[in-house]
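Asks: Residue numbers (the working numbering), protein chains in the order written: chain X, 245 to 819; chain W, 81 to 386.
Don't take every hint at face value.
A short list of chain W residues far from chain X (calculated; beta carbon distances all over 10 Å) [claimed, not checked]:
id	residue
1	Val363
2	Ala370
3	Glu373
For each label pair, taking beta carbons as the anchor points, the in silico distance ranges come out as [said to hold, decoys possible]:
id	chain 1	residue 1	chain 2	residue 2	range
4	W	Phe219	X	Gly514	39 to 47 Å
5	X	Ala395	W	Tyr228	35 to 43 Å
6	X	Val734	W	Leu235	29 to 37 Å
7	W	Ala234	X	Glu425	53 to 61 Å
8	W	Arg218	X	Ser459	55 to 63 Å
9	W	Pro351	X	Gly529	25 to 33 Å
10	X	Lys703	W	Ile238	21 to 29 Å
11	W	Ala234	X	Ser355	30 to 38 Å
12	X	Gly514	W	Ile251	32 to 40 Å
13	W	Leu196	X	Gly529	52 to 60 Å
Hints in this document: simulated from the structure, not taken from any laboratory.
In this text the structure is predicted, and so the values were computed from the model without any measurement.
Ideal Cβ placement from N, Cα and C applies to all residues, glycine included.
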Amino acid sequence: MEIPVPRRRIKLAALTSALLLVGGLAAACGGSSSSSSSSAAFDAATCQGGTLDVLDQTTENTGLDPAVLYTSGGGAIPRLLFRTLTTRDSVAGANGRTVVPDLATDTGEPSANATVWTYHLKSGLKYADGQAITSADIKYGVERSFSSVLAGGPPYLRDWLVGGATYQGPYGSNPDLASIETPNATTIVFHLRKSEGDFPFLAAETQFAPVPKASDTGKNYNADPVSSGPYTIQTFTKGKELLLTRNTYWSKSTDSERLACPDKIDISLGLSQTVIDQRLASSIGQDANAITTDTDVDTATLAKSASQPALKSRLTSGNFPDTTYLAFDTKTAPFDNQLVREAFSYAVDRTALINAQGGSQLATPLTTYTPPSIGAAYHAYDYFPAGATGNAAKAKQLLAQAGYANGLTVTLAYDNNGQSYVGPANASALQQALAKAGITLKLDPIDDSNWDAVVTNTKTEPALSLFSWGADWPSGAPFLTPIFDGRDIVQGGGNFNLAQYDDPAVEKQIDQINQITDFTKAQQAWGDLDAQLGKLALTVPLYTTNDVVLHGSNVKNTYVDQWRGWYDISSVSVK
Amino acid sequence: MSNATAPVDEAQPTLRARLWARPGGRIALIVVGLIILIAILAPVLTALEGQDPNTYHDGLLNSATGGGPNAPFGGISTAHWLGIEPTTGRDVFARLVYGARISLLVAGGATLGQLLIGLLVGLAAGLGNRWADALLSRFTDLVLSFPYLFLSIALLAIVPQSFPRPALLCIILAGLYWAPTARIVRAETFVLREREFVAAARLYGASTWRIARKEILPGLVAPVVTFTALMVPTNMVAEAGLSFLGLGVQPPTPSWGQMLSTATTWFQIDPEYVLVPALTLLVCVLAFTALGEEIRRAVDPKGLAR
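When you get a sec, could you build the whole thing from the sequences and use the hints?
Replies: Encoded structure:
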């Protein structure tokens, strides 16, 4: 249940434009020297050595506690420190969306109806302090995430595990969660209260990293967690810098997913997007060995690359499966009328929206709820073909049928943050397109700080709003369930079923799909469900974003993992 | 009554003529007049061009390279006189002339507000007793010491988005920037109230209110008009600054500050788009500043020696 954070066009107004000027000069001076350093090709056997620099916007002010982190597939930097039961496959391309064993010997043995999941640990696993990793440590790591002082992780564990709804974590009077069993030091068994075929994907998140009970310092654990991955923290200044060095007890023989090429990784925190882009683009000095884990290229750099092949060759693109869409409250007039919703579907101008996002390299039009980047759960359909720029005539005809022959005036809620996916640029683009179909869109800007609270509260939810949804893992389940399952209509805050769609037949279908443990079959079923729901025009899917990222000229084996849409820095080399 | 003592009043009927007589004043008057005319005639001018400020032109943009205009020089053509906006294709000329309305409206309204508050506070301090003066003067100092920008940003963020933004901008700018006017008014009032004609009026039994209106106010015209004329461009820049930060009018209403704000990401690829609003703002601010300066020279001939 993760809404993608706005990652594009971050600009802190005047300050940034000054920096942009400085950076632009630097780029102009160093342009000629940067492309000369391409040496030998990448070889995984000899890639070890050197220092990788990471330039990031994140401040990591909340630290690196595996219980608190909310990652998709273990994240980028957390995955260098924490090994989990399963993890994502570290390869380029569509296979990067596959879940593979990490600490465990396989991705989990499910019971017949996928309610009991059993894992066995590999042998020879050690922490950075030389101690052996046991199944009890993994159980303890999961239990910690239930503690109210360590809140912040994904909500699924509390929902899925037997007794999870009432368990308060290991620090209270009732420290043991009985639904996780550890019959011996290398076996761990999870008992779920319902079928969840996607459990292996959840087991890739940092809550499944081992935590040695003796070293747990509660809230202070986030500054210096015990590492199980290839690196360990040397120094950590929140908001400024994180320096990682090798964990000498980590062995490549037990870990096939992390190459861990650089000897040191120096992460600069809290930089602005412009600074990161300019430094990576100019690639001078140590910046040639730099990469980012959270910053897209800005429009200017992207446009410049069209005429600069050397710069273009250092751009990589990938996808985090997400959808930006128009959300209706289908319990409220006029959106309780399917003809009205269909009219909106026909009237939207997706080209204008794509341009507002920075053009076709950064966003792709979407007529389905699940985007193609989700894999097998994507089934192509376009029930209300609007074409590239909208079909106003068809929309008008449907509105007339619905009883609005003289047009319709409605209010659209959007986030007033100019950097948001659901911000003013999109609202203006929708307004002008719908006007052609006789729909007058009044704009209702909601302050960024209140946005989530207002839109996801059933009491304050606007009848029509722009919204964006991203998957916690590449599967149809976390994409469709929170949005279309009537049992997930949360009264008060935190509701993502904005349509307030409630159909018992669909709920039964969802339960049946969750019992399927064959991943491909389950995804096909999710895709069928999406195609079936699409006919009801419960949302108007608009576009899915693409991530385009830049790296320094000396960084090798760079690819964007298709699970998260960012660089997989456990594979890159600077040698 | 005050003719003998205030040379300013002699100049008053001929202010326009005096301005017109000076080449600098003439140019400033013409440019300011043109800007106001353009703002008033915005619908006519855009109709003449055949465009409007809110229509998107997807077909003129190159989506593959980030949504900039296909044509060189920002897409300037006979159909789009000043080119089109990147990522939307909206007509820059139309947005510029409609943006002038917001700029002038906010700058004018804010200046008027500052003038009224400044006059009221300054006169009350200048004519009131010692306590009233001390209280009002310290209050003026307090307002003067506020960090304007941070306070404006905070206020604009707090007020609900549904409140009309141009009116809100006027209120905030007027409420925060009136202190310099008040200080000038108070200082001038102090000088004027010692004059014989004011003493004479007081002896006749005129009320403080009547003295303020009939005796002091005419003498304040010269310094206040000059200062007010110089506040217009300041307010214009302040409005553009707040709009630049995304706190001004809401989309799709065009404003110069907003245009500059979107242009910052484009200045390396589409410099035309940043130059048009920047140069327009420059010309406007220069014209209003020059006008203020010329008014000062026209009403205050002694100042010429400086």
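Asks: What are the numbers of the hints the structure violates, in ascending order?
Replies: Hint 11 alone not satisfied by this model.
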